[in-house]
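Yeah, the sequence shown ends on 226 if you go by the numbering used here, and it's all consecutive.
In short, the hints are calculated from the structure, not lab data.
Heads up, some of the hints might be wrong.
To be verified - Computed cross-link-like contacts, EDC-like style, restricted to lysine to aspartate or glutamate with a CA-CA straight-line distance of at most 20 Å: (1) Lys-226 with Glu-206; (2) Lys-67 with Asp-45; (3) Lys-219 with Glu-207; (4) Lys-174 with Asp-164; (5) Lys-210 with Glu-131; (6) Lys-67 with Glu-95; (7) Lys-199 with Asp-98; (8) Lys-179 with Glu-166; (9) Lys-199 with Asp-215; (10) Lys-174 with Glu-207; (11) Lys-136 with Asp-197; (12) Lys-132 with Asp-101.
Said to hold, decoys possible - Computed beta-carbon distance windows for the label pairs: (13) Arg-83 with Val-50: 18 to 28 Å; (14) Leu-66 with Lys-178: 35 to 45 Å; (15) Ile-168 with Lys-55: 43 to 53 Å; (16) Thr-54 with Asn-182: 51 to 61 Å; (17) Ser-225 with Asp-98: 19 to 29 Å; (18) Lys-132 with Tyr-62: 46 to 56 Å; (19) Lys-179 with Ser-63: 46 to 56 Å; (20) Ala-51 with Thr-204: 45 to 55 Å.
For glycine and all other residues, C-beta sits at the position ideal for the given N, C-alpha and C.
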Amino acid sequence: MMNFKMLMLSLLILLLVVPTFTQEREKKAGPPDFKKDVAIATKAFDAGDYSTCLKHLTRASSAVMELRRARLLAVFPVLADFEVKDNTDYKQVRNNKFAAGMAGFTGAMGNIIERTYQEKGGNKRLKITLHLDSPMASTFGSMLGMMGGGKDAEVITYTNAKALLKKERNAYGLQAILLRLHMLDAKGTNFTDEELLKVFSQDLIDKIIAVLSK
Numbered sequence: 013m014m015n016f017k018m019l020m021l022s023l024l025i026l027l028l029v030v031p032t033f034t035q036e037r038e039k040k041a042g043p044p045d046f047k048k049d050v051a052i053a054t055k056a057f058d059a060g061d062y063s064t065c066l067k068h069l070t071r072a073s074s075a076v077m078e079l080r081r082a083r084l085l086a087v088f089p090v091l092a093d094f095e096v097k098d099n100t101d102y103k104q105v106r107n108n109k110f111a112a113g114m115a116g117f118t119g120a121m122g123n124i125i126e127r128t129y130q131e132k133g134g135n136k137r138l139k140i141t142l143h144l145d146s147p148m149a150s151t152f153g154s155m156l157g158m159m160g161g162g163k164d165a166e167v168i169t170y171t172n173a174k175a176l177l178k179k180e181r182n183a184y185g186l187q188a189i190l191l192r193l194h195m196l197d198a199k200g201t202n203f204t205d206e207e208l209l210k211v212f213s214q215d216l217i218d219k220i221i222a223v224l225s226k
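Throw the hints in and build the complete structure from the sequences for me.
Below is the structure:
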């Protein structure tokens, strides 16, 4: 009888001591909050927790990129009778830990802004890609200075910017270097050169540069 009581007591103690494992879903971090993430990063830095510090600095940076992206898209051209679609792949990258790590390593997360215009009931299509803080900008910018006009290519000079206008089958492409740091790449399918240059006027380039300067 005594052995039975001791056994029951041992089982009770074991149940109280051994943790109970239950199924638990990982909570999503939610959208980045600049001030909150900077505060957490600062606290982690002071505590010597550099892993947490870097994690929240990356999130804080994402919050700034999101605001910068919104400002730039606000000054992108408005085309009547065109449907607009913005690329949001960067959000999937941000919400995927492995992909976000790779994107952070390559500097790609949030650094590419892409918008596509499709003519309603027509065959005209315009795709604009803005590469922010891109290594390609300085490389292409150096080459652009040595390029001249040709049968299928023409150098376009803006105030504070230069671009290359190039014929591509049934499309015209325009590549511009802005502030020597950013690269604007546009492709207008079934656009004439005059139509594409009308969209990418000096006024539009000035607006984009103004946002990039802040």
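Structure-based check of each hint:
no., hint, in the structure
1, Lys-226 with Glu-206, "31 Å, violated"
2, Lys-67 with Asp-45, "13 Å, holds"
3, Lys-219 with Glu-207, "19 Å, holds"
4, Lys-174 with Asp-164, "17 Å, holds"
5, Lys-210 with Glu-131, "16 Å, holds"
6, Lys-67 with Glu-95, "37 Å, violated"
7, Lys-199 with Asp-98, "15 Å, holds"
8, Lys-179 with Glu-166, "9 Å, holds"
9, Lys-199 with Asp-215, "19 Å, holds"
10, Lys-174 with Glu-207, "18 Å, holds"
11, Lys-136 with Asp-197, "17 Å, holds"
12, Lys-132 with Asp-101, "24 Å, violated"
13, Arg-83 with Val-50: 18 to 28 Å, "20 Å, holds"
14, Leu-66 with Lys-178: 35 to 45 Å, "41 Å, holds"
15, Ile-168 with Lys-55: 43 to 53 Å, "50 Å, holds"
16, Thr-54 with Asn-182: 51 to 61 Å, "54 Å, holds"
17, Ser-225 with Asp-98: 19 to 29 Å, "23 Å, holds"
18, Lys-132 with Tyr-62: 46 to 56 Å, "52 Å, holds"
19, Lys-179 with Ser-63: 46 to 56 Å, "51 Å, holds"
20, Ala-51 with Thr-204: 45 to 55 Å, "53 Å, holds"
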